[in-house]
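Generate the whole structure from the sequences, applying the supplied hints.
Chains L and B, in that order, give the protein sequences.
Heads up: the first sequence begins at 1 in UniProt numbering, then just goes up one per residue.
Heads up: the second sequence begins at 1 in UniProt numbering, then just goes up one per residue.
Hint data in this document are derived by calculation from the structure and do not stem from the laboratory.
If you're wondering where the values come from, they're calculated on a predicted model, not measured in any experiment.
Do not take every clue at face value.
[To be verified] Some chain L residues well away from chain B (every beta-carbon gap over 12 Å; in silico):
#1 ARG102
#2 LYS117
#3 MET140
[Stated by the list, open to error] Taking CB as the label site, the calculated pair distances span:
#4 ARG110/L to ALA159/B: 37 to 47 Å
#5 GLY188/B to LEU118/L: 38 to 48 Å
#6 ASP55/L to SER140/B: 21 to 31 Å
#7 ALA159/B to ASP40/L: 39 to 49 Å
#8 LEU198/B to ARG52/L: 23 to 33 Å
#9 GLY188/B to PRO8/L: 27 to 37 Å
#10 THR134/L to THR38/B: 42 to 52 Å
#11 HIS115/L to GLY188/B: 12 to 22 Å
#12 TYR202/B to TRP38/L: 47 to 57 Å
#13 GLY188/B to LEU6/L: 19 to 29 Å
Glycine included, C-beta positions come from ideal geometry on N, C-alpha and C.
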Amino acid sequence: LFQGDLGPFNPGLPVEVPVWLAINLKQRQKCRLIPPEWMDVEKLEEIRDQERKEDTFTPMPSPYYMELTKLLLNYASDNIPKADEIRTLVKDTWDTRIAKLRLSADSFVRRQEAHAKLDNLTLMEINTTGTFLTQALDHMYKLRTNLQPGEGAHSQDF
Amino acid sequence: MSEAYFPVGPGLGLEENFLSLDDILMSQEKLPGRAESTLPRLAFALGQGAGTGDSIPEGSKLEIPLWLAKGLHDSKRRIVSVELPKIYKEAWRTVFSADANVVDLHKMGPYYYGFGSQLLNFDNPENPEIAQTILQTFISRFRRIMDSSQNAYNEDTSALVARLDELERALFRAGQRGLNDFQCWEKGQASQITASSLVQNYGKRKFTDTDG
Numbered sequence: 001l002f003q004g005d006l007g008p009f010n011p012g013l014p015v016e017v018p019v020w021l022a023i024n025l026k027q028r029q030k031c032r033l034i035p036p037e038w039m040d041v042e043k044l045e046e047i048r049d050q051e052r053k054e055d056t057f058t059p060m061p062s063p064y065y066m067e068l069t070k071l072l073l074n075y076a077s078d079n080i081p082k083a084d085e086i087r088t089l090v091k092d093t094w095d096t097r098i099a100k101l102r103l104s105a106d107s108f109v110r111r112q113e114a115h116a117k118l119d120n121l122t123l124m125e126i127n128t129t130g131t132f133l134t135q136a137l138d139h140m141y142k143l144r145t146n147l148q149p150g151e152g153a154h155s156q157d158f
Numbered sequence: 001m002s003e004a005y006f007p008v009g010p011g012l013g014l015e016e017n018f019l020s021l022d023d024i025l026m027s028q029e030k031l032p033g034r035a036e037s038t039l040p041r042l043a044f045a046l047g048q049g050a051g052t053g054d055s056i057p058e059g060s061k062l063e064i065p066l067w068l069a070k071g072l073h074d075s076k077r078r079i080v081s082v083e084l085p086k087i088y089k090e091a092w093r094t095v096f097s098a099d100a101n102v103v104d105l106h107k108m109g110p111y112y113y114g115f116g117s118q119l120l121n122f123d124n125p126e127n128p129e130i131a132q133t134i135l136q137t138f139i140s141r142f143r144r145i146m147d148s149s150q151n152a153y154n155e156d157t158s159a160l161v162a163r164l165d166e167l168e169r170a171l172f173r174a175g176q177r178g179l180n181d182f183q184c185w186e187k188g189q190a191s192q193i194t195a196s197s198l199v200q201n202y203g204k205r206k207f208t209d210t211d212g
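Written as C-alpha cells, this is what we have:
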C-alpha cells in the first residue's frame, strides 16, 4: 500500500498530487486539473514532426505519455485547451512510432541479427508488439538451430 | 482477456513436443516412400490390397504418415526409405526463394515449417538446403504477417489467414491479441471487471441438491 502525506490543500492554489488522486477528485468535482506542460499543441506538433523526420525514436516527454493522455483527455478534457487537437497529435505520434518499431523489427528479422537496441521506447509500445515479436523470434531461433544438426542430433549407430 | 489455460505449442525443431496437438496433427501428414523389403500382411494396414493376408512387395511406392515413417526408418534403411514431398524439392525451393509471399502455404500442407523440420531427421543430402529454405521463407513472410495481424481490427480475417500455414496462423492470432488488447485498453474496457471464461461455463450447469 502507498503511504504518504499530501497537501496542504488551499482553495485556488495549485498542488501536486498523484494522478490517481487527481482523477478521483476531478470525478467528485472537487478540483480542476492543470495539464502537464508538454501537453500543449505546439510542443506536441514539434515532437510529432521530429518523430516523422528522424529514423530513431525521439525521447518522449514522459514515459507514460499514452496513459496520461488517455486519462486526462477522458476525465478532464474541459480543463485542457484544444483537447481534440492534442488527441490527434498524440495519436499521430503514436502511429509513427509504431510504424518505426515494425520497420525495425522487420529489418532485425531479415538480417537475422542477434541483438538490437532501441532507445526511447515506452512500455506501451513495447507491449503492443512484444508478444508477437517474441513468439516470431522463438520460431526463428528454432528454425535456425535446424541448420546446425551438431549437438542436437540424436543418432544411434550400432 | 488472459487465457484460462495455455495449450502446448509445437516443438518445431528436430524433436516434436509430445503433448502438442499441433505436432500430433502434423505428424499425421503423409510422406511418399518406398518399401525396401517385403512387408508381410501389412497391405491392409497401409491402405493397399483388400485382404488382411496380402503383403506389400519390395520396392512398391507407399504414402505413409510421418509418425510411421519416423518409427520405421533406421540408419540401415531396411524397412522403408522416404522421399521428399515435392514442396521441399529443388523446384519448389526456387519458387520460395524468388518470392515466398505468393505461395499458399495452407494448401501446400498446413504444417510446412513443422513438417519440414521433421524431414531433417531423415538422412538426406539436401537437408542443409531444405533447412535454409524453410528459414528464409519464414523471414520473408514475417513482414506481411506482422502488418496484416496488427492492422486488421474487428474485421473478417479469413481472407488474410487463408494462405498461411498453422505456425503462421498462431503468430497471426498472437498479433491480433496484442491489437485487441490495446484497443480494449484504449476504450477503457481494461478497467472493467468481466467474468472469466472458466466461470462463465460453470453457470450453464445447474447445481442439483446434494442433500436429500
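Hints versus structure:
no. : hint                             : in the structure
1   : ARG102                           : violated (6 Å)
2   : LYS117                           : holds (20 Å)
3   : MET140                           : violated (6 Å)
4   : ARG110/L to ALA159/B: 37 to 47 Å : violated (26 Å)
5   : GLY188/B to LEU118/L: 38 to 48 Å : violated (29 Å)
6   : ASP55/L to SER140/B: 21 to 31 Å  : holds (23 Å)
7   : ALA159/B to ASP40/L: 39 to 49 Å  : holds (43 Å)
8   : LEU198/B to ARG52/L: 23 to 33 Å  : violated (46 Å)
9   : GLY188/B to PRO8/L: 27 to 37 Å   : holds (33 Å)
10  : THR134/L to THR38/B: 42 to 52 Å  : holds (51 Å)
11  : HIS115/L to GLY188/B: 12 to 22 Å : violated (37 Å)
12  : TYR202/B to TRP38/L: 47 to 57 Å  : holds (48 Å)
13  : GLY188/B to LEU6/L: 19 to 29 Å   : holds (26 Å)
In summary, the structure is inconsistent with hints 1, 3, 4, 5, 8 and 11 from the numbered list given earlier, while agreeing with the others.
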